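Chemist: The task is simple: from the sequences and hints, build the whole structure.
There are 2 protein chains.
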Amino acid sequence: MKQIEVKKGTVIQSVGEVDTKVYHVKSGLLRSYSIDEKGKEHIFMFAPEGWTIGDSVSSGEKAELFIDTLENSIVIEVEKNPEKEKQNIKPILKRVSVLQKRIIMLMSSSALERYEHFVKTYPDITQRVSQKMIASYLGITPEALSKIKNKKINNS
Amino acid sequence: MKQIEVKKGTVIQSVGEVDTKVYHVKSGLLRSYSIDEKGKEHIFMFAPEGWTIGDSVSSGEKAELFIDTLENSIVIEVEKNPEKEKQNIKPILKRVSVLQKRIIMLMSSSALERYEHFVKTYPDITQRVSQKMIASYLGITPEALSKIKNKKINNS
DNA sequence: ATGATTTCTTAATCTAGGTTAACCTTTATC
DNA sequence: GATAAAGGTTAACCTAGATTAAGAAATCAT
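Each protein sequence line maps, in turn, to chains A and B. For the first sequence, this note's numbering assigns the number -10 to the initial residue and increments by one for each residue that follows. For the second sequence, this note's numbering assigns the number -10 to the initial residue and increments by one for each residue that follows.
Certain hints may be false.
Which copy? The list can't say, so a pair holds if one copy fits it or any two copies do.
[To be verified] Below 30 Å or equal to it, Euclidean Cα-Cα: the simulated BS3-like pairs (lysine-lysine) are:
id: 1; residue 1: Lys27; residue 2: Lys79
id: 2; residue 1: Lys109; residue 2: Lys51
id: 3; residue 1: Lys(-4); residue 2: Lys90
id: 4; residue 1: Lys51; residue 2: Lys83
id: 5; residue 1: Lys90; residue 2: Lys(-9)
id: 6; residue 1: Lys27; residue 2: Lys51
id: 7; residue 1: Lys140; residue 2: Lys69
id: 8; residue 1: Lys79; residue 2: Lys51
id: 9; residue 1: Lys10; residue 2: Lys83
id: 10; residue 1: Lys(-4); residue 2: Lys140
id: 11; residue 1: Lys27; residue 2: Lys83
id: 12; residue 1: Lys51; residue 2: Lys(-3)
id: 13; residue 1: Lys(-3); residue 2: Lys75
id: 14; residue 1: Lys(-9); residue 2: Lys15
id: 15; residue 1: Lys(-4); residue 2: Lys29
id: 16; residue 1: Lys75; residue 2: Lys138
id: 17; residue 1: Lys140; residue 2: Lys121
id: 18; residue 1: Lys73; residue 2: Lys83
id: 19; residue 1: Lys10; residue 2: Lys79
id: 20; residue 1: Lys75; residue 2: Lys(-4)
id: 21; residue 1: Lys10; residue 2: Lys75
id: 22; residue 1: Lys73; residue 2: Lys29
id: 23; residue 1: Lys79; residue 2: Lys140
id: 24; residue 1: Lys10; residue 2: Lys138
To be clear, the hints were calculated from the coordinates, so they are not data collected in a lab. Since this is a predicted model, take the numbers as computed values, not measurements.
Modeler: Okay, here's the thing in structure tokens:
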């Protein structure tokens, strides 16, 4: 459990590395993401101050996600430990619920609906990250997001 | 904690009902799913014997998923209880990991890739459910799945 | 401050998967 | 075992979002 200061744009965990930690954000903004075989990034999660971010693989397994900073950040590294997680099971159950909703959304909602849901759910993050990042979280291209936002303005 | 016998096709939990239980499958096959505003079903999860299935909302909240049986089944109803879940945190952490992978797949893989991954990961379920159900789990239409499988045969 | 890199937008074109509909096969139901 | 219902396939056509490319605006680095 060590506090580190991390400059914007620094990768603090890479796919394939042995994963033993999660990261609690004291200040700043992190993200986790994967890179597909075409080199395209897919953001799995954002984590602003107060949140904890990490890969869901068991401690000692190889990481499946990259984690980096989108702003200069202060981060506390916390060793993964299922015993400790038992003390605090609520956030994990909440996490499962959020992931369930995300999957249902990805399967049943249009890009516009997913965008509107994102903006409503995470207004703070919407203000802090680029369109490109939001598009990547939604599972669409920045071009598609630009088009969607345009259509929205004209139709409302 | 009560054991019930459920005939194929019976809905044992509906969206909007107060949710207090999860279901442990002794025999048979259940699924959880949502229905979108166009009336289309989206399967969130299958649960064959030995698995536990339930909505991830907290006990007392309104259910966001339907749960029904795809085969005649014997099911044990278990009251949700975060204290009890603490005893057995491993399956929940595993669950988070599976959901993380599913989200990454939905965002970055084609329908064919998702199908092949499904068949490889759940060969037993592949044998037991209709194409329609598999398509619904993958987030595509049965027509699209039929097309994909055809293409696969001709290209290999 | 200035050039360079990154971000955002627009537009043309392309494609995976959706929609609709017809048809055939398998499975339930009486 | 006849009839109905559900499941699966095929084909024609459609559409949301991807791709490519190019220009404008913002941000970064020296």
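Chemist: Take the hints in turn and mark each one as holding or not.
Modeler: Hint-by-hint comparison with the structure:
1. In this homomeric assembly, Lys27 and Lys79 never come within 30 Å of each other (Cα to Cα): the closest approach is 37 Å inside a single copy and 34 Å across copies.
2. In this assembly of identical chains, Lys109 and Lys51 lie within 30 Å of each other by CA distance solely across copies; the values are 21 Å between and 34 Å within a copy.
3. Only between protomers do Lys(-4) and Lys90 lie at most 30 Å apart by alpha-carbon distance; the minimum there is 28 Å, versus 32 Å within a single protomer.
4. In this assembly of identical chains, Lys51 and Lys83 lie within 30 Å of each other by CA distance both inside one copy and across copies; the values are 24 Å within and 14 Å between.
5. Proximity of Lys90 and Lys(-9) under a CA criterion of 30 Å is satisfied inter-copy only: 29 Å between copies versus 33 Å inside one chain copy.
6. Taking the closest pair of Cα atoms, Lys27 and Lys51 come within 30 Å of each other only inside a single copy of the chain (21 Å); across copies the shortest separation is 41 Å, beyond that limit.
7. In this assembly of identical chains, Lys140 and Lys69 lie within 30 Å of each other by CA distance neither inside one copy nor across copies; the values are 45 Å within and 44 Å between.
8. For a Cα distance limit of 30 Å, the shortest separation of Lys79 from Lys51 qualifies both inside one copy, at 26 Å, and across copies, at 18 Å.
9. Taking CA atoms no more than 30 Å apart as the test, Lys10 paired with Lys83 passes in both settings, with 20 Å inside one copy and 16 Å between copies.
10. Neither within a single protomer nor between protomers do Lys(-4) and Lys140 lie at most 30 Å apart by alpha-carbon distance, with minima of 37 Å and 48 Å respectively.
11. In this assembly of identical chains, Lys27 and Lys83 lie within 30 Å of each other by CA distance solely across copies; the values are 28 Å between and 32 Å within a copy.
12. Taking the closest pair of Cα atoms, Lys51 and Lys(-3) come within 30 Å of each other only inside a single copy of the chain (24 Å); across copies the shortest separation is 41 Å, beyond that limit.
13. Taking CA atoms no more than 30 Å apart as the test, Lys(-3) paired with Lys75 passes in neither setting, with 32 Å inside one copy and 37 Å between copies.
14. In this homomeric assembly, Lys(-9) and Lys15 come within 30 Å of each other (Cα to Cα) only inside a single copy, at 12 Å, whereas the closest approach across copies is 46 Å.
15. Taking the shortest Cα distances, Lys(-4) and Lys29 sit within 30 Å of each other inside one copy (23 Å), while across copies they are farther apart (46 Å).
16. For the identical chains of this complex, Lys75 and Lys138 are neighbours neither inside a copy (42 Å) nor across copies (44 Å), given an alpha-carbon limit of 30 Å.
17. Taking the shortest alpha-carbon separations for Lys140 and Lys121, only the intra-copy value of 18 Å comes in at or below 30 Å, while the best inter-copy value is 34 Å.
18. In this homomeric assembly, Lys73 and Lys83 come within 30 Å of each other (Cα to Cα) both inside a single copy, at 17 Å, and across copies, at 16 Å.
19. In this homomeric assembly, Lys10 and Lys79 come within 30 Å of each other (Cα to Cα) both inside a single copy, at 19 Å, and across copies, at 17 Å.
20. Taking the shortest alpha-carbon separations for Lys75 and Lys(-4), neither the intra-copy value of 32 Å nor the inter-copy value of 37 Å comes in at or below 30 Å.
21. Both within a single protomer and between protomers do Lys10 and Lys75 lie at most 30 Å apart by alpha-carbon distance, with minima of 16 Å and 21 Å respectively.
22. When the C-alpha separation of Lys73 and Lys29 is checked against a cutoff of 30 Å, the pair qualifies neither within a copy, at 35 Å, nor between copies, at 41 Å.
23. When the C-alpha separation of Lys79 and Lys140 is checked against a cutoff of 30 Å, the pair qualifies neither within a copy, at 40 Å, nor between copies, at 45 Å.
24. With identical chains, the CA atoms of Lys10 and Lys138 are never at most 30 Å apart, being 38 Å at best within one copy and 41 Å at best between copies.
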